[in-house]
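Participant: Now for the letters of each chain:
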Amino acid sequence: DGGITQSPKYLFRKEGQNVTLSCEQNLNHDAMYWYRQDPGQGLRLIYYSQIVNDFQKGDIAEGYSVSREKKESFPLTVTSAQKNPTAFYLCASSPSTDTQYFGPGTRLTVL
Amino acid sequence: GESVGLHLPTLSVQEGDNSIINCAYSNSASDYFIWYKQESGKGPQFIIDIRSNMDKRQGQRVTVLLNKTVKHLSLQIAATQPGDSAVYFCADGAGSYQLTFGKGTKLSVIP
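Top to bottom, those sequences are chains S and V.
Mapping the first sequence onto the working numbering, position 40 (from 1) lands on 40, and the numbers just tick up by one.
Counting from 1 along the second sequence, just add 111 to a position and that's the residue number in the working numbering.
If you are wondering where the hints come from, they were derived from the structure by calculation, not from laboratory data.
Wrong hints could be hidden among the right ones.
In silico contact screen, one side only, chain V against chain S (beta carbon under 7 Å); selected entries [unchecked claim]:
# : residue
1 : Phe157
2 : Ile159
3 : Tyr208
Beta carbons are placed, not taken as given, at the ideal position from N, Cα and C, and that holds for glycine.
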């Protein structure tokens with residue numbers, strides 16, 4: 001059963017905490033992406049990775065960090081430097097520069 | 112579809128009618144276009160794509176039309192069903208790993 005998985009589905013963070021969102025894919029896609037979605041807005045790119053051990057900042061990378069040690073995995077850490085982290089986070093992957101396929105998302109809430 | 116604040120453009124259609132959802136893009140260099148469907152609380156789901164060398168492409172109950180002259184894209188859904196209720200948004204790419212996403216249109220199907 002191929003696809004993209006994200007965990008957890010819901011995540012709660014206290015002020016000053018770092019949290020890590022998991023994204024795994026078994027589609028053998030080279031590229032992976034992290035987006036943030038806020039109500040009534042389009043998807044905003046946080047980070048993307050074209051290949052293992054390489055990643056680039058997107059439009060809103062401040063307060064976030066990523067790693068790409070394995071082709072299948074692209075975890076996102078939301079640091080305490082991110083002042084307004086409450087949002088729906090979406091991970092995606094693609095075989096090339098074409099269609100991106102999305103995971104089910106993680107909803108992060110700051111308490 | 113552009114949105115204002117937290118409010119997405121909304122389209123209400125009667126079950127069984129055809130739906131037409133519109134999208135404008137701004138990048139003249141875009142050569143690849145995608146439509147996604149997003150149900151509440153879930154990740155976006157790929158519906159159909161089209162390249163700039165085509166004006167029309169048909170899938171199962173869906174048709175995408177591309178007008179490059181006015182940079183406009185539309186998604187037509189035939190015989191709309193209650194399960195089609197969702198937010199639909201377009202994305203365009205210009206050969207890089209970054210896609211530009213529209214804010215979306217909320218489709219509500221009236222039984």
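Participant: A closest beta-carbon separation below 7 Å is what the hint needs, so does V/Ile159 meet it against chain S?
Facilitator: Status violated, d = 10 Å.
Participant: Would the stated hint for V/Phe157 survive a check requiring a Cβ distance to chain S of less than 7 Å?
Facilitator: It holds, given that the least Cβ distance between V/Phe157 and chain S is near 6 Å, below 7 Å.
Participant: Using the nearest Cβ pair, does V/Tyr208 come within less than 7 Å of chain S?
Facilitator: holds (5 Å)
This entry does not satisfy hint 2, going by the numbered hints stated previously; all others are met.
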